[in-house]
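We have chain H; now place chain Z onto it with these hints.
What follows is the residue order along each chain.
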Amino acid sequence: MPSADLAPPVGKVHRLLGHPGNLTEHLDAHGPLNVAVSRNSTWQQGLVTSLEASGLTGRGGGSFPTSIKLELALAAGSRGTIVVNAMEGEPASEKDKLLLCRVPHLVLDGAQYLAALCRADRIVVCIPIGHDAVATAVRHAVAERSDHRHAPLAEEIVRPPDRFIAGEESALVNWIDTGRSLPVFRPDKGTPLRIGRRPALVHNTETLAHLALIARDGPGPFRNRGMTGEPGTSLITVSGDVAHPGVVEVDRGTPLWDIAKLSHPVEPVQALLVGGYGGAWVGPEHFATPYATSPLRRIGAAAGVGVIVVLGASSCGLTESARIARYLADQSARQCGPCMYGLPAVADDLAQLARGQGDGDSMARLHRRLGQMMGRGACRHPDGAVGLVRSALAVFATDIAGHSQGRTCPFWRSPTSLRFPRAVEV
Amino acid sequence: MNELRIAIDPVACKAYGYCAELLPEAISLDEWGYPIIDGHPVPAELLTLAKRAARDCPMRAITVRRKSGR
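Note that the protein sequences, when read in sequence, are chains H and Z.
Take any residue in the first sequence, count from 1 to its spot, add 12: that is its number in the numbering used here.
Take any residue in the second sequence, count from 1 to its spot, add 885: that is its number in the numbering used here.
Bound-form chain H, shown alone:
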């Protein structure tokens, strides 16, 4: 697995990753952690106002406004837990690992600010089993902070299982609470998650790093980046058929193609996978789309987790999509029928199309299944898979015609351009 050999960030924007180093270097670059006055409600109100004015949204996939999430957390009560979500189950994403390896103090400071704000009394950093380089970096940072009495609240490191679904926020809190790494059905997603009777507030590592900067510098520098409607920067992991895969920091609203170019595609590009394996394929006609919530929504995609996978001309988009569908089916928590049975069925349908064994019936069946699955799981895992497959059927529509009556394109047996934790058969 990755981590130790993470490439340094590519590109010219370095708000988050610009000042790697130990605690002393971190403090030289960013100044002290000024939460000493945290019991002071003027300080609290000031930070709430700053966060609201910043327009920060969650960087873990949901793009949900951080200030609204904070309001819900404040209403849920004090003495809760701040959960730092570094699970990064998305195989194509590296940014959380990179952040914690290079600037762990920035992420941990974000958790401290949030804890002071919500009067939480516990901070838990979740790093999956196997991500040992990340855990080592964070353990080292935590020790430094404790030695220098930098952090008002101790930071605990815990090691949940390394599965795609383990980082889903209800599954993560469930694991901390009961040891079961399974999503929980919540009819009302606004209901706060709880560990025992105390509230749990889950935030992605990148969101916390942004928060730490906004808490120190105010909303101005954050708002000066990105788009008016969607300010700030984002970390995006670019991979696939590129010469320099890695993490880039870009302004929100940077055109997709400009982001992909930073990693130097090695051949003509037929499609980009945006937002991760539960995201969507985007064809060349939409490569100029800004990487931001509403423009992506307009073309049927989503910002999702910060991932762009470049698919070159000598890859088979159908086969790659079938691999993703199979992977997502294998990663189901197998709690909900529509996901447990629907995802493998959809993966089979798509694999059949990719092998050139599909017919009119299999296409109709696939569309029917996709139409029935949306919104019927406890979490959004099946929804992400449905979105991905639907986008594949649209973007690779002409390939589908070429994959029939036993014929396929020349590339369907090519090795995958995608990253998977282990080989995926289709």
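Simulated from the structure, these hints should not be mistaken for laboratory data.
Keep in mind the model is a prediction, meaning the values are calculated, not measured.
Glycine included, every Cβ here is placed at the ideal spot set by N, Cα and C.
Please note that a few of the clues may not be correct.
[Claimed, not checked] Listed below are the simulated DSSO-like cross-link pairs for lysine-lysine, each with C-alpha atoms no more than 30 Å apart in a straight line:
#: 1; chain 1: Z; residue 1: K936; chain 2: Z; residue 2: K899
#: 2; chain 1: H; residue 1: K273; chain 2: H; residue 2: K24
#: 3; chain 1: H; residue 1: K201; chain 2: Z; residue 2: K936
#: 4; chain 1: H; residue 1: K201; chain 2: Z; residue 2: K899
[As the list claims (entries may be wrong)] Some but not every residue of chain H turned toward chain Z, in silico, with C-beta under 8 Å:
#: 5; residue: F197
#: 6; residue: A255
#: 7; residue: G258
#: 8; residue: Q347
#: 9; residue: C348
#: 10; residue: A390
Just chain Z now, kept in the frame of chain H:
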């Protein structure tokens, strides 16, 4: 609004299918026997049946509730 809707807890549901038998107007089954709710508010004339479906579900996976959440 104050409209009542049928909600299924997908983790609890084990595809007994009684709900779709009782209430075919609002609930159909997918090819594996799991319920698909039509998503509309429950009309007044079906309310008794909907509540019975909730009561009779062996897994207690059905609730009839006011719509909330995001």
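Status of each hint after checking the structure:
1. Z:K936 <-> Z:K899: holds, 19 Å
2. H:K273 <-> H:K24: Holds, at roughly 13 Å.
3. H:K201 <-> Z:K936: Roughly 24 Å separates the two Cα atoms, so the pair holds.
4. H:K201 <-> Z:K899: holds, 23 Å
5. F197: holds, 5 Å
6. A255: violated, 42 Å
7. G258: violated, 35 Å
8. Q347: Hint holds; Q347 (chain H) Cβ to chain Z Cβ min 5 Å, cut 8 Å.
9. C348: holds, 4 Å
10. A390: holds, 5 Å
When the structure is compared with the earlier hints, violations turn up for hints 6 and 7 and for no others.
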